[in-house]
Every structure is written in C-alpha cells, then in structure tokens.
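From just these sequences and the hints, can you work out the full model?
What follows is the residue order along each chain.
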Amino acid sequence: MKYIEEFRDRALADKLAEAIRVEAQAGRGRLYRLMEFCGGHTHAIFRFGLPDLLPPQVKLVHGPGCPVCVLPMARIDAAIQIAQIPDVVLCSYGDMMRVPGGKRMSLMKAKASGADVRMVTSPAEAINLAQSLPDKQIVFFAIGFETTTPPTAVVLKQARALGLKNFSVFCNHVLTPPALRWLLESGKDADADVPELDGFIGPSHVSAIIGTKPYEIATSDYGKPVVIAGFEPLDVLQSILMLLRQVNSGQAKVENEYARAVTRGGNIKAQELMREVFFLRDAFEWRGLGSLPHSGLRLNDSFAAMDAERRFPLTVEAVQENRACQCPAILRGAKQPADCPLFGKVCTPDNPIGSCMVSSEGSCAAWYSYGRGRKNDEAA
Amino acid sequence: MCLAIPACVVELLPDGMAMTDIGGVRRPVSLALVDDVGLGDYLIVHVGFALSKLDPEEAQKTLDLFTEAGVPVRAAEAKGGV
Ligand code: SF4
Chain A
1 MKYIEEFRDR ALADKLAEAI RVEAQAGRGR LYRLMEFCGG HTHAIFRFGL PDLLPPQVKL
61 VHGPGCPVCV LPMARIDAAI QIAQIPDVVL CSYGDMMRVP GGKRMSLMKA KASGADVRMV
121 TSPAEAINLA QSLPDKQIVF FAIGFETTTP PTAVVLKQAR ALGLKNFSVF CNHVLTPPAL
181 RWLLESGKDA DADVPELDGF IGPSHVSAII GTKPYEIATS DYGKPVVIAG FEPLDVLQSI
241 LMLLRQVNSG QAKVENEYAR AVTRGGNIKA QELMREVFFL RDAFEWRGLG SLPHSGLRLN
301 DSFAAMDAER RFPLTVEAVQ ENRACQCPAI LRGAKQPADC PLFGKVCTPD NPIGSCMVSS
361 EGSCAAWYSY GRGRKNDEAA
Chain B
381 MCLAIPACVV ELLPDGMAMT DIGGVRRPVS LALVDDVGLG DYLIVHVGFA LSKLDPEEAQ
441 KTLDLFTEAG VPVRAAEAKG GV
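Each protein sequence line maps, in turn, to chains A and B. The letter at position 380 of the first sequence is residue 380 when you use our numbering, and the numbering goes up by one with no holes. Count along the second sequence starting at 1, add 380, and that's the number in our numbering.
These aren't lab readings, by the way, just hints derived from the structure by calculation. Check each hint, because a few of them may be wrong.
[Said to hold, decoys possible] As a list, the in silico SDA-like pairs of lysine to any residue whose alpha-carbon atoms are at most 25 Å apart:
| # | chain 1 | residue 1 | chain 2 | residue 2 |
| --- | --- | --- | --- | --- |
| 1 | A | K165 | B | G396 |
| 2 | A | K335 | A | M119 |
| 3 | A | K136 | B | G428 |
| 4 | A | K157 | B | P408 |
| 5 | A | K157 | B | D415 |
| 6 | B | K441 | A | N351 |
| 7 | A | K269 | B | P436 |
| 8 | A | K269 | B | E391 |
| 9 | A | K253 | B | G403 |
| 10 | A | K109 | A | M119 |
| 11 | A | K213 | B | E391 |
| 12 | A | K269 | B | D444 |
| 13 | A | K2 | B | M397 |
| 14 | A | K103 | B | Q440 |
| 15 | A | K345 | A | G371 |
| 16 | A | K2 | B | D401 |
| 17 | A | K269 | A | G223 |
| 18 | A | K269 | B | E438 |
| 19 | B | K441 | A | A259 |
| 20 | A | K213 | B | P436 |
| 21 | A | K213 | A | D191 |
[Said to hold, decoys possible] Short, incomplete list of chain A residues facing chain B, as computed with Cβ under 10 Å:
| # | residue |
| --- | --- |
| 22 | Y3 |
| 23 | Q57 |
| 24 | D116 |
| 25 | T147 |
| 26 | T148 |
| 27 | M242 |
| 28 | F312 |
[As the list claims (entries may be wrong)] Rough simulated footprint, nothing fancy, chain B against chain A, three-plus residues with beta-carbon under 8 Å:
| # | stretch |
| --- | --- |
| 29 | 14-22 |
| 30 | 71-81 |
Predicted, not measured: the structure shown is a model, and the values here were computed from it. Note that the Cβ used here is the ideal one computed from N, Cα and C, for glycine as well.
In structure tokens form, the structure reads like this:
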C-alpha cells in the first residue's frame, strides 16, 4: 500500500537505528528522555518493536495523548446517566464503551442492563440514526482531541441545517496544547511527580488540524525541542534522530518530520469550524493531570439546544479511582504499566480495571498486546 | 482512534463525499474539512472525515531523509567509530 510500506522498510529502520546509536554516543552517557505525546505513537512504538532498536540512553516516556484514557470517570458516569434516561439512544465510539466508570460500571454494562447504547465509528452515523428514529433522543458521546473535534462540528451544523430536534452532543473534546503546557510547567517543579523531559515526539494527526505553530510554546518558553512525527516506524525513528541532533547541538526548535500531512498553519477550515461551534470551558478535568484551564470545549450558545449537558439535568458525583490503578501517573509520564501491581494479572484488555488498558492507544494495552513488561522491562 | 492509514480517492460522490480505497477495502469519506480533492489523492481519515491531503512531494522528501540518515553512520565507521 502506498505511503505505508515504504515507511516500514526494515533495512532503512536498521540504518536509522544505527544513526540514532551514533548520535546517542555523542552525548557521552547522557540520557535522552523523549515523550511521545500521542497514544497513536505509543501503539506504533510497541507494534513495531521500536524500543528494541533504540540504545539504552534513549528513554521513551508515554504521554497523555490517548483520548479514551484521559477522560475522567465522572464524565463516563455522566454518559451512563444520559444513556439511562428513557427514550435516549446514546451513540459512542467503541473504545469508550468498555472504560470503567465509578463502581466498575461501563456503557457496555449499562447496555446489557437495558440502556440503549450504540457503537458508532463516525458521528455521521449518529445523525443518520436521529433521522431514522424521530421518536428517540439521539445523544452523541463526543470525545477526543483536535482530530475528532472538527467532525463533531460538521455534524452539529448538519443537524441544525436539517432542523433535527432529537439530536444532541455530550461534548468532552479536549485540546492538546494546554496539556503540553501543563507537562512542561510541571516538569520544572521537582515536587510535581512529572518527569523531566528532553524533548517531545509531537502528534501526527492532531497537528494536521492545529498545525505546528502551537508547539512553539515548548521551544520558546521552555527550551524543549519538538518534532512532529508521522505514525509509521521510520517516521518515529527519524523523529527520534532529529530530537537527538537538536539536543546534542543545544537547539530547541519545532521541526516537522510529517510534512506530507502537516503544515505550520494546519487545517484552517477545520479550525474555523471549531471556533464557530465550540467555546473554551474555563477548566476541564483530565485523568492524571487534574483540572487544566482552557483545555476543554463545550458547545457555543447558538448550539445550546443541541448541548446534552444543558438539555439533560445530570447529577454526577466525583468518584474514587481504583487505588491500585496507576493510570493517572502513567498518563503524566511518571510511571510505566509494569509499575502497576494489577498489570497483566488482574487487569487485562478483556477485563480492564483502568482506562489505559482499554484503547489500543493506551499504554497498558500497548504493553500488554505486544508482550512488554511481563517482568521489569527497562527497555521501554 | 488516531491510527489512520492514508486512503486513496477512487470516486467522487455527491454531497461532498468520496469513495476511498485502503488495500481493497472501500469506504465513503466526508470531504467537509478539506478542499480541492481529486481522484488518486491520498487522504488522512478520522471517524469518517478526511482531515488532510497527503502531499506527494513532501512524502518523497521525507523518504529521501531516511536514506540520508545512513550517511553520517558510514562517515563514523570510516573514522573507526561505532
Ligand atoms: S494495568 Fe490496569 S490497573 Fe494497572 S495502571 Fe494499567 S489500566 Fe490501571
């Protein structure tokens, strides 16, 4: 397949790995702690066994960029509550259905006990459902970063144009730059339980929307290099090499390895749509990161009639996470899945205790699926 | 959710949609977020929506970068490094 195979070439991967080794040696024993922000990269890194190709000086730290993982339990409980309202059909992306909320309830379990929860792979399916089920209230459980947000905006405008009265959105969209800033800010604070990092492997498709410009805060305000990387193994290796070269030469710039899909300005049309449909919440809660200012979106007043939060009164109380689950620390890069006593024993993809074991982009699921961390695995 | 494989446009459909092909699997995709899409273009698709168009020239430049990565290695080997 075009744009896939040539980015997975084994001989080139070995060559890039060799170049990384040479570059790492030039650091004379220093460590390179690089965070891959995006869960898609975490998945790709394990799927292609990249940690085995890297020298010990290069440490990959998994970041909070897994959309399913960062949603706090209270929001899942709210979605369950909406799904249990009579005549409501709640449409959710598949991964979200299995994430445990409070009391180990999930949308999947709510469905088993009678709630009408349906899995969709696109918000467009929710609109179709609203048209074919006029007597039901269709609620789309919108989650995700800047990749899934513009599609939600498109369907909201569509619903309005169609005059649909039975469609609404439970909006949980979150933004990447505030989380990046939080990591950078907390990284400076010795008490913050966030690792100090030497650079960032920047998101691929989030960047197709927002462009490379928003990452310039990392370089200008915090002196950390960022390389926007594609999802294929050669992309990730090349980006690691570019980061090492920046660190070794004392530079901190935003570089774009994924120029085939990402520009500095990003997708202007999508950005304008997002501005038209959403506004910034004062703050939004992230699992593991806490409440971050201006990091989440809700619907604009002009879409109030389609805002599930305003339409359905919700009474959700904050819940206690399972205390043994290390997801919060894993999401901020402070721990690894193998640090969790439940990993692979009590908690598996078939029986997830925390959100990081559900989505294929979650660190625990990626480790488990590709056989990592069964014992203390230093390579990752 | 974020792992998207480039999809090739094989047919332009009414209502701002396109039929795409990924390794023989055909899927309709909304073009609401991208402009100037033509047959044979490769798209990054998420949740049924194209987010961007792949730029073939930039793709080639990146592939060239990979090949060049070996150059400093050879130089280091020549000096007896590694
Ligand atoms: S292994 Fe399971 S319980 Fe442990 S941190 Fe990961 S998701 Fe949480």
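Outcome of the hint check:
1. Our distance criterion of 25 Å between C-alpha atoms is met by A:K165 and B:G396, whose separation comes to about 24 Å.
2. Between A:K335 and A:M119 the CA atoms are separated by roughly 32 Å; this puts the pair beyond 25 Å, and the hint is violated.
3. At most 25 Å may separate the alpha-carbon atoms for a hinted pair to count; A:K136 and B:G428 meet this at roughly 24 Å.
4. Using a Cα cut-off of 25 Å, the hinted pair A:K157 and B:P408 holds, with the two alpha carbons roughly 20 Å apart.
5. Proximity of A:K157 to B:D415 is assessed by CA-CA distance (about 18 Å); at most 25 Å being required, the pair is judged to hold.
6. A C-alpha spacing of about 44 Å is found between B:K441 and A:N351, which places the hinted pair above 25 Å, so the restraint is violated.
7. With a C-alpha separation of about 21 Å, the suggested pair A:K269 and B:P436 falls inside the 25 Å cut-off, and the hint holds.
8. Distance check on the hinted pair: A:K269 and B:E391 sit about 23 Å apart at the alpha-carbon level, within 25 Å; holds.
9. With a CA separation close to 37 Å, the supplied pair A:K253 and B:G403 exceeds the 25 Å bound.
10. Under the criterion of a C-alpha separation no larger than 25 Å, the hint pairing A:K109 with A:M119 is consistent with the structure, at around 13 Å.
11. Pair hint A:K213 plus B:E391 does not hold up; C-alpha atoms about 34 Å apart against a cutoff of 25 Å.
12. With a C-alpha separation of about 31 Å, the suggested pairing of A:K269 with B:D444 is violated against the 25 Å cut-off.
13. Restraint check: the Cα-Cα separation between A:K2 and B:M397 comes to about 22 Å, which is no more than 25 Å; the hinted pair holds.
14. Under the criterion of a C-alpha separation no larger than 25 Å, the hint pairing A:K103 with B:Q440 is inconsistent with the structure, at around 51 Å.
15. Simply put, A:K345 and A:G371 have alpha-carbon atoms about 13 Å apart, close enough for the 25 Å limit, and the pair holds.
16. Annotation: proposed proximity of A:K2 to B:D401 holds, straight-line Cα distance about 11 Å (limit 25 Å).
17. The suggested pairing of A:K269 with A:G223 is violated, with an alpha-carbon distance near 31 Å, which exceeds 25 Å.
18. Of the pairs offered as hints, the one joining A:K269 and B:E438 holds, with about 21 Å between alpha carbons and a cut-off of 25 Å not exceeded.
19. A distance of roughly 9 Å separates the Cα atoms of B:K441 and A:A259; the hinted pair therefore holds under the 25 Å criterion.
20. Simply put, A:K213 and B:P436 have alpha-carbon atoms about 22 Å apart, close enough for the 25 Å limit, and the pair holds.
21. Proposed proximity of A:K213 and A:D191 is contradicted: the alpha carbons are some 30 Å apart, above 25 Å.
22. Satisfaction of the interface hint for A:Y3 is found here, the shortest Cβ-Cβ separation to chain B being roughly 4 Å, below the 10 Å cut-off.
23. Checking A:Q57 against chain B: minimum C-beta separation of about 14 Å lies over 10 Å; hint violated.
24. Checking A:D116 against chain B by beta carbon gives a least distance of about 21 Å; that is not within 10 Å, so the hint is violated.
25. The closest approach between the C-beta of A:T147 and any C-beta of chain B is roughly 5 Å, which is under the 10 Å cut-off, so the hint is satisfied.
26. A cut of 10 Å between beta carbons decides the hint on A:T148: the least distance to chain B is about 6 Å, and the hint holds.
27. The interface hint given for A:M242 is met, as the beta carbon of that residue sits about 9 Å from the closest beta carbon of chain B, less than 10 Å.
28. Because the smallest distance between the Cβ of A:F312 and any Cβ of chain B comes to about 23 Å, over 10 Å, the interface hint for this residue is violated.
29. With a cut-off of 8 Å between beta carbons, the stretch 14-22 of chain A has 6 residues touching chain B; three or more are needed, and the interface restraint holds.
30. Chain B is given as covering the stretch 71-81 of chain A, and this is violated because 0 residues of the stretch bring a CB closer than 8 Å to a CB of that chain, at least three being needed.
Checked against the numbered hints above, the structure violates hints 2, 6, 9, 11, 12, 14, 17, 21, 23, 24, 28 and 30; every other hint is satisfied.
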